[in-house]
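*Asks:* Work out the full structure: start from the sequences and follow the hints.
As you go down the protein sequences, you meet chains A and B in turn. Using this note's numbering, read the first sequence as starting at 1 and increasing by one per residue. Using this note's numbering, read the second sequence as starting at 301 and increasing by one per residue.
Each hint should be verified, as a subset may be incorrect.
A partial selection of chain A residues facing chain B, derived with a Cβ cut-off under 7 Å [as the list claims (entries may be wrong)]: (1) Ala25; (2) Leu26; (3) Trp32; (4) Thr129; (5) Lys165; (6) Val166; (7) Tyr192; (8) Pro198; (9) Leu266; (10) Pro268; (11) Glu286; (12) Val288.
Don't read these hints as lab results, they were simulated from the structure. Being a predicted model, the structure only gives us computed values, none of them experimental. Every residue gets a Cβ at the ideal spot worked out from N, C-alpha and C, and that includes glycine.
Each chain, written out:
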Amino acid sequence: MNETSRRTLLKGAGATLGAAAFAKALAPITEWTDDLSMDGFLQKHYKELDRSEMEAVLRRLEAQTLDEYGAQVFIDDVRPTEGVQFGYALNLSACIGCRRCAEACHNENNHDRATNNSYIRVLAIDKGTVDLAFSTTTYDGAVPQRDKYYMPVQCHQCDNAPCIKVCPVEATWKEADGIVVVDYDWCIGCRYCEAACPYHARRFNWSKPEVPADEINPDQAYLSNRMRPQGVMEKCTFCLHRTRKGKLPACLEACPTGSRVFGNLLDPDSEIRQVLEHKRVFVLKEDVGTQPRFFYFFDE
Amino acid sequence: MNAHARSYPRFLLKAVGVSTDGSWVFYTWMTVLTAIMLVGVNAWAHQLAGGMGMTGMSDHVSWGLYIANFAFAVGLAAGGVMMVIPAYLYDDHDMHDVVIVGEILAIAAIIMALGFVTVDIGRPDRLWHMAPLLGRFNWPVSMLTWDVVVLSGYLLLNLHICGYLLYKRFLGERPDKRWYVPFVLLSIVWAVSIHTVTAFLFSGLGGRPFWNTALLAPRFLVSAFVSGPAFIIIALQIIKRLGGVKIPDGPMWTLIKILRVTVFINLFLVLSEIFTEFYTGGSHTASATYLYFGLHGHDALVPWIWTAVVFNVVAAGLLLAGNKERLWFIDLACVLTFIGVWIEKGMGLVVPGFIPSTLHELVEYMPNELEWRIVAGIWALGMMIFTLGIKVAIAVFTNRMQDTAAALPPVPAAEPVALAEEA
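*Replies:* In structure tokens:
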């Protein structure tokens, strides 16, 4: 009897102590939960938000950016235009590997400053091969080198995109104008798409992106360059906050050699159509069947 | 029905009582596991606050130790089926008495697997986005959704089978075959499915030639039938020694015979993979070259994979040389091959799939201390679930945990209503 009650007492004490220890061990989590809001938690998928709900979300995100980054920004939900199918082509004969496209992307899309993130990687490939095993992204010094040619790689906005297939929650999809987007507020951060992409086009927010207030690009869109939350995927959107308003992608404007050609594939007079019809065009890793919207060509 | 409403809570309450009573060895073991879990929970809280960047992972190697352990844990769960098949399909009566060990292992391992996925995702607060109806579940296109379905299904199946059998025994009643045999047969097929789907998760990616092989699912299954029996062979001996129960030797020897076969099939499949990779050559062999020999001066995984190869080969030899007099040969083989398969499936398969990257960049990966802490915490959780499950099972099967209201003459506090209806 005494032995039993002593045991019960000890068990009770043990359980209390254990619960207290677990609470203490979990305590650092509050630093994270403080950043989360109930509205954000309950927010619906992009495709399920109606106009007024989307308005509320955009205003909340703007307020959040002001609060967290000290920057006044304007977040738009710019939609695809009927009769527009975007395509991008890159002239490998002209590209000199200066990486200004990558830098322009970094600034335009409010990438984390510390990691120098960008949606573009530029490969320097040995002349005489198309095997990426003979390439490097970490070259430095003067460009172009005589024995190299240069291949910038970004999202190919594939028509048969493995990243879309593998996403367990439909947080990534192809828009009507061909651009593959991510709902940063729906992504669970499993990184299956990052494993699936044959072009290493996707990036994960390993920590909360940090950008000084005065360097933040205030012209933002929900599906593109707004400040991304920690723990979600992101990717190149062909600068849809620009291109859907008739402007050109930031990487194209930054290119000093005119290697980049962007436009509407449905417009027979567009420069992109001229390239596709008259140049020696190829797509990267055609054998994996992804059907990219991003083309490479040589003009010599 | 009414009787169950009263006796089932009693069953659960007694199970809690049994799980918190034991020798000093038991209390020490539980304290150690709790301490490790606390360390893991604390590390995870830090990871959530600071972001996944606190791990050793990067955009180049975007899955690491967590997914490695996930793949292994799913295998361990499927491995338990190697007890269920002899017990139910071949009517091995001795195996039938201890088959619950395999089922409890399945429960513990599935919970571990789910834990490893949970700590790997960037936004666990958004897990509800996967919930059918509430969220958007990309089924049947995404293999990850298949994995969620088969893993939770397997967990429920095993919880039902174990729970039903233990509860009936607790009541002192014969279990009704209609309520568990169909579920057991289903669980056999289901065990194969969980590891097949987990392999498809990797092998379906055309951009990663190292994983993109039809041999992956068979390899996963066979190595599961190595790690599962290896774990149970050791567990049965520990249960016999510390649990105070008589277990016949038959089931253990059945598992040893199974292991003697699967360990060799596993080696054969690895050999087939190695041959195809290296005889063919070319850029698609870059990951395998990196793994086994190092590439361009990068060789972080080389010691891991050769440890796995040596452990698995030595284990195969020890298994053949071991017998009743030299049981320690077999025990050592189990430990070696358990570790060998763990390396082979994780650091030897998940990680090199990312190295070099799809653009052939060579960025290496090594798990850091935070990842090891979280992984240790989840293993401690799994071992705790396994220990407690076994403890309750032993108490029930040795009639130490029985419904006093039903099986024994009523003591003053017993409820006559329950007694009448259950009798």
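*Asks:* Have a go at the Val166/A hint: is there a Cβ in chain B nearer than 7 Å to its own Cβ?
*Replies:* Because about 5 Å separates Val166/A from the closest Cβ in chain B, which is inside the 7 Å limit, the hint holds.
*Asks:* Next item in the hint list is Pro268/A. Is there a CB on chain B closer than 7 Å to its CB?
*Replies:* violated (33 Å)
*Asks:* Closer than 7 Å between Cβ atoms is the bar; does Leu266/A clear it against chain B? Give me holds or violated.
*Replies:* violated (28 Å)
*Asks:* Would the hint on Tyr192/A stand, with a C-beta cut-off of 7 Å toward chain B?
*Replies:* Interface hint status for Tyr192/A: holds (5 Å vs cutoff 7 Å).
*Asks:* Taking the least C-beta to C-beta distance, is Lys165/A closer than 7 Å to chain B?
*Replies:* Since the shortest Cβ distance to chain B is 5 Å, the answer is holds.
*Asks:* For the restraint on Ala25/A, tell me whether the closest CB of chain B is nearer than 7 Å.
*Replies:* holds (4 Å)
*Asks:* Closer than 7 Å between Cβ atoms is the bar; does Val288/A clear it against chain B? Give me holds or violated.
*Replies:* holds (4 Å)
*Asks:* So, as I understand it, the hint says Thr129/A touches chain B; can you test that by seeing if any CB pair is closer than 7 Å?
*Replies:* This interface hint is violated because 10 Å lies over the 7 Å limit.
*Asks:* So, as I understand it, the hint says Glu286/A touches chain B; can you test that by seeing if any CB pair is closer than 7 Å?
*Replies:* violated (12 Å)
*Asks:* Once the shortest beta carbon distance from Pro198/A to chain B is found, is it less than 7 Å?
*Replies:* holds (3 Å)
*Asks:* The hint names Leu26/A as touching chain B; please verify it with the least Cβ-Cβ distance against 7 Å.
*Replies:* holds (5 Å)
*Asks:* With chain B as the partner, please determine if Trp32/A meets the hint condition of a C-beta pair closer than 7 Å.
*Replies:* At 4 Å from the nearest chain B Cβ, Trp32/A passes the 7 Å test, so the hint holds.
Comparing the model with each earlier hint shows violations of hints 4, 9, 10, 11; every other hint is respected.
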